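Trainee: In case you want the letters, here they are:
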Amino acid sequence: MSLLEINTLSKTFAAPGGPVHALSNVSLDVQTGECLAVVGESGSGKTTLANMLLGILAPSSGSILFEGAQLPVKRTATHRRAIQLVQQNPLSSLNPKRSVGASIRLGLDTYGIGDKAARWSAVEAALEEVGLPSDMRKRAPGGLSGGQRQRVGIARALVCDPRLIVLDEPTSALDVLVQARVLRLLNDLRQSKGLTYIFITHDLAVVRNVADRVAVFKSGKLIELGPTQAIFDSPKDPYTRALIGAVPVVDGSELKLRDTLAQGAGGA
Amino acid sequence: MSRILDIVDLKLGFKGYAGLTEVLHGMSLHINAGERVALVGESGSGKSVTARIILGLLQETRTARIAGKVSFDGHDISTMSGSQRAALRGTEMSMIFQDPTSALNPVFTIGRQFTEVLRRRVPGMSNETATAKAAQLLADVSIPDPSRVLQSYAFQLSGGMNQRVMIAMALSNRPKLLLADEPGTALDVTVQAQTLTLMRDLVTDHGTSVLLISHNLGVVREFADRIYVVYRGRIVESGPTKSIFGKPGHAYTRALLSAVPRITGAGLPEVPEISDDFLAPMVTHEAVS
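These protein sequence lines are chains A and B, in that order.
The opening residue of the first sequence carries number 0 in numbering that gives the first Met the number 0; numbering runs sequentially from there.
The opening residue of the second sequence carries number 0 in numbering that gives the first Met the number 0; numbering runs sequentially from there.
If you're looking for bench data, these hints aren't it; they were derived computationally from the structure.
These figures come from a predicted structure and were not determined experimentally.
C-beta atoms are modelled at their ideal positions from N, C-alpha and C, and glycine is treated no differently.
Hints may contain errors.
Which residues of chain B face chain A? A partial, calculated answer using Cβ under 7 Å [what the hints assert, rightly or not]:
| id | residue |
| --- | --- |
| 1 | E41 |
| 2 | T189 |
| 3 | A192 |
| 4 | L216 |
| 5 | R220 |
| 6 | L255 |
| 7 | I262 |
| 8 | T263 |
| 9 | V270 |
Subject to a maximum C-alpha distance of 16 Å in a straight line, what follows is the list of computed EDC-like cross-link-like pairs (lysine to aspartate or glutamate) [what the hints assert, rightly or not]:
| id | chain 1 | residue 1 | chain 2 | residue 2 |
| --- | --- | --- | --- | --- |
| 10 | A | K255 | B | E221 |
| 11 | B | K241 | B | E285 |
| 12 | B | K246 | A | D250 |
| 13 | A | K217 | A | D236 |
| 14 | B | K246 | B | E285 |
| 15 | B | K175 | B | D72 |
| 16 | A | K192 | A | E128 |
| 17 | B | K175 | B | E285 |
| 18 | B | K241 | A | E128 |
Cβ pair distances, simulated, as ranges [said to hold, decoys possible]:
| id | chain 1 | residue 1 | chain 2 | residue 2 | range |
| --- | --- | --- | --- | --- | --- |
| 19 | B | Q150 | A | R183 | 45 to 51 Å |
| 20 | B | F13 | A | E127 | 32 to 38 Å |
| 21 | A | S41 | B | L278 | 53 to 59 Å |
| 22 | A | G42 | B | S146 | 23 to 29 Å |
| 23 | B | F154 | A | S59 | 22 to 28 Å |
| 24 | B | R2 | A | A13 | 39 to 45 Å |
| 25 | B | A85 | A | S171 | 55 to 61 Å |
| 26 | A | G193 | B | E272 | 24 to 30 Å |
| 27 | B | S82 | A | R183 | 49 to 55 Å |
Construct the entire structure; sequences and hints are all you get.
Mentor: Here it is in structure tokens:
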């Protein structure tokens with residue numbers, strides 16, 4: 000059984016110039032323990048999909064099944080705990096007036112999990128899981144580096160013991176050395192805790208190295224879906240080729256792959 | 000070859016309640032006429048403040064303590080008055096910012112902002128002439144309907160379109176030096192690639208020198224002739240792009256390069272922890288003559 004099944008999901012927004020179809024008839028499934036990358040450019044519908052998975056937006060049509068049961072429009076605490084989010088900008092996603100520990104604990108407070116002592120020990124355990132010292136809970140987010148803040152964001156998701164984490168561009172605001180460490184942490188956590196990820200990004204090089212499968216979105220439509228290697232070795236859609244072909248690369252073997260794809264795009 | 004920009008032993012600190020915070024520790028770099036040079040490094044390494052000193056903006060900041068020599072086209076800008084430095088901006092040197100939509104003024108049309116830039120070079124330029132010239136320059140950056148764009152506000156245009164407007168504006172007065180601070184970082188990957196190609200072609204046509212500031216090694220590799228790698232306010236490695244990417248000599252440069260995920264799928268890189276090696280003396284690659 001799939002952890003997540005999305006069936007003919009659509010979202011339309013009313014706008015002065017006529018309805019905007021942010022997502023049109025998207026169907027896909029996500030297996031337990033899998034990392035599915037959702038890629039595409041601005042306006043492709045990636046964030047609309049994430050918002051519907053998290054219950055922030057209600058679908059216009061279609062359904063989302065989580066562990067075999069349909070997710071209601073108004074989510075219960077159980078559902079909200081099970082599907083967590085890690086956001087793009089680790090500074091603006093943390094309340095500057097709350098300590099790191101209070102931010103992480105908020106989910107436990109909201110869902111009424113454990114007593115006060117149990118909540119603090121869960122916060123400290125989550126901090127240690129992401130490689131931060133447990134006494135960091137007393138600090139303010141403003142005093143942390145970008146990498147530390149993103150680790151706090153991950154700890155905040157982990158503390159609720161989720162089954163699925165939606166990672167919305169989790170490393171795009173980070174420097175390259177910090178990005179590499181956070182990606183490795185996310186990979187290790189997925190394996191050790193059996194987590195499932197929906198990894199939203201526009202960085203194809205990151206996708207190549209972290210995802211099991213890739214879903215390519217364009218203008219609200221799912222245009223290509225497949226195992227990561229197949230997508231990179233022989234992308235079917237010209238848009239997927241263009242996306243891979245536009246990635247700035249740093250070594251010769253990458254350049255060769257990119258040029259091969261560009262030639263393929265030219266012939267497509 | 001003549002040097003458009005020559006920075007010698009540039010030091011910068013900010014005076015605060017806790018004393019002086021040193022940011023740049025004696026940076027030296029130069030850019031030859033028509034050369035595309037990149038300053039690459041992580042957040043807080045001192046890339047953007049260097050650009051702000053070149054533009055003469057940080058000199059106006061009361062808490063900034065600047066030492067060293069910055070020569071632009073043979074003139075020492077540290078001895079110039081504020082108004083002399085201001086006169087260089089938008090005429091002899093210009094800048095492209097990371098996020099074009101927020102860099103453009105949201106309450107003025109593109110046309111109004113464009114003609115203001117053109118009048119920095121030719122103060123009395125008539126509205127008709129300025130509008131016609133702006134439309135021609137927008138057409139040069141492949142904007143399909145220039146007259147509509149000139150009447151639009153930045154928020155009515157896409158990020159890619161705004162970045163083209165910024166490029167057209169920055170190059171409109173044929174500056175000798177273009178500072179490009181993370182151009183394209185806020186754009187989608189296909190738009191970023193188009194933008195960089197466009198910018199490269201235009202600066203080649205105009206003979207403009209460029210200082211590209213970026214943390215994206217892939218972008219730097221595709222755009223720059225020569226690179227300076229900066230770490231914590233110090234240049235740790237410099238040389239021709241091909242040479243640095245082919246044989247990085249400094250531990251920090253090697254760490255940066257190893258941390259970049261590859262589209263060929265070599266797996267997640269093992270990243271070395273920050274070490275004292277990152278502060279090792281500068282490595283210089285000889286230019287290939």
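Trainee: Could you work out which earlier hints the structure fails to respect and list their numbers in ascending sequence?
Mentor: 17, 18, 21, 24, 25
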